[in-house]
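Asks: From first to last, the protein sequence lines are chains A and B.
Sequential numbering from 1 applies to the first sequence in my numbering.
Sequential numbering from 1 applies to the second sequence in my numbering.
No lab work stands behind these hints: they were computed from the structure.
One thing to keep in mind: the hints can contain errors.
Far from chain A by the CB rule (all over 10 Å, computed), these chain B residues [as the list claims (entries may be wrong)]:
#1 R10
#2 D15
#3 A27
#4 G30
#5 L33
#6 Y55
#7 E56
#8 L77
#9 V87
#10 K104
#11 S106
#12 N112
#13 E122
#14 V129
Below, simulated DSSO-like cross-link-like pairs (lysine-lysine); rule was C-alpha separation at most 30 Å, straight line [what the hints assert, rightly or not]:
#15 A/K24 with A/K127
#16 B/K91 with A/K91
#17 B/K127 with A/K104
#18 A/K40 with B/K104
#19 A/K104 with B/K24
#20 A/K103 with B/K24
#21 B/K127 with A/K103
Note that the structure is predicted; figures quoted are calculated from it, not measured.
The beta-carbon is built from N, C-alpha and C at its ideal position, and this holds for glycine as well.
Protein chains: 2
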Amino acid sequence: MKIYFAGSIRGGRDDAALYAEIIKLLANYGEVLTEHIGLKDLSSLGEERTPQDIYERDMDWLLGADVLVAEVTTTSLGVGYEIGEAVAVGKRIMCLYREQEGKKLSAMIDGNPELKVVRYEEVKELKNVFDSFFNK
Amino acid sequence: MKIYFAGSIRGGRDDAALYAEIIKLLANYGEVLTEHIGLKDLSSLGEERTPQDIYERDMDWLLGADVLVAEVTTTSLGVGYEIGEAVAVGKRIMCLYREQEGKKLSAMIDGNPELKVVRYEEVKELKNVFDSFFNK
């Protein structure tokens, strides 16, 4: 089971520690291709590679993955892009969202029948969610 | 010529007035399907429709459009999603971006050979850009 985990980098790193926790949990279900998303040293300026290198590597990973798990609370253009590409090729997709006061999740995600949106508050709630999603 | 213009709604409305200016300019080249993106009364809570209604209408418009013009400076999950879907179906795409100090455009957009990224500072620079893009 190859898992592509998507979280915000250049959109902001407020949730970096949370991404690391989710990645750790996901590693129980398969190989997480994008472990760097949780690194605390990765700033919102992103990796020191050319944008072309990052795009090509990430698209290879995404298209080769069995599932996409996206944390969508911190708004990110790249995460949105990846979800759009993944829907178009028929990947299984789960989006994780923490409700924020005065904010609403994008209708392109929230109203989308091609993906599953899970609302949660703490990472510990996700074990049962992942057990069910990965049929474990 | 049907033009789908994409800009941030639930990601934040800081650029709403700018979107209205761009939509006005784009109307010289074809029918802009998404004029509501520029409305100053449209808040970051979005339209008063169900997310499902918004998703279905916007995807119909996007798939029926000849081109996608996306303003990507204000980070938006929905705009990223729309670009991902549009790339997957081979639409012509132009992304408009204003450089921001201490920020970087997503590598999924900046490093993407399937779309054209135009960096600009003021809307008046876009007339020549659009003339060339729309072959006018």
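Asks: Each hint needs a verdict: does it hold in this structure or not?
Replies: Now for the hints, and whether the structure bears them out:
1. R10: Its Cβ does come within 10 Å of chain A, the nearest being 5 Å, so this is violated.
2. D15: holds (13 Å)
3. A27: holds (24 Å)
4. G30: B/G30 clear of chain A: closest Cβ-Cβ about 23 Å, beyond 10 Å.
5. L33: At roughly 15 Å from the nearest Cβ of chain A, B/L33 sits farther out than 10 Å, so the non-interface label holds.
6. Y55: Nearest chain A Cβ is 3 Å from B/Y55, so the label is violated.
7. E56: violated (7 Å)
8. L77: violated (4 Å)
9. V87: violated (7 Å)
10. K104: violated (5 Å)
11. S106: violated (4 Å)
12. N112: Per Cβ check, B/N112 is inside 10 Å of chain A; nearest 5 Å; violated.
13. E122: holds (22 Å)
14. V129: The assertion about B/V129 holds, with a minimum of 20 Å to chain A.
15. A/K24 with A/K127: holds (11 Å)
16. B/K91 with A/K91: holds (21 Å)
17. B/K127 with A/K104: Status violated; Cα separation ~34 Å.
18. A/K40 with B/K104: holds (18 Å)
19. A/K104 with B/K24: With a Cα-Cα distance of about 27 Å, the restraint between A/K104 and B/K24 holds, given a limit of 30 Å.
20. A/K103 with B/K24: holds (28 Å)
21. B/K127 with A/K103: With a Cα-Cα distance of about 34 Å, the restraint between B/K127 and A/K103 is violated, given a limit of 30 Å.
Violated hints for the displayed structure, listed by number in ascending order: 1, 6, 7, 8, 9, 10, 11, 12, 17, 21.
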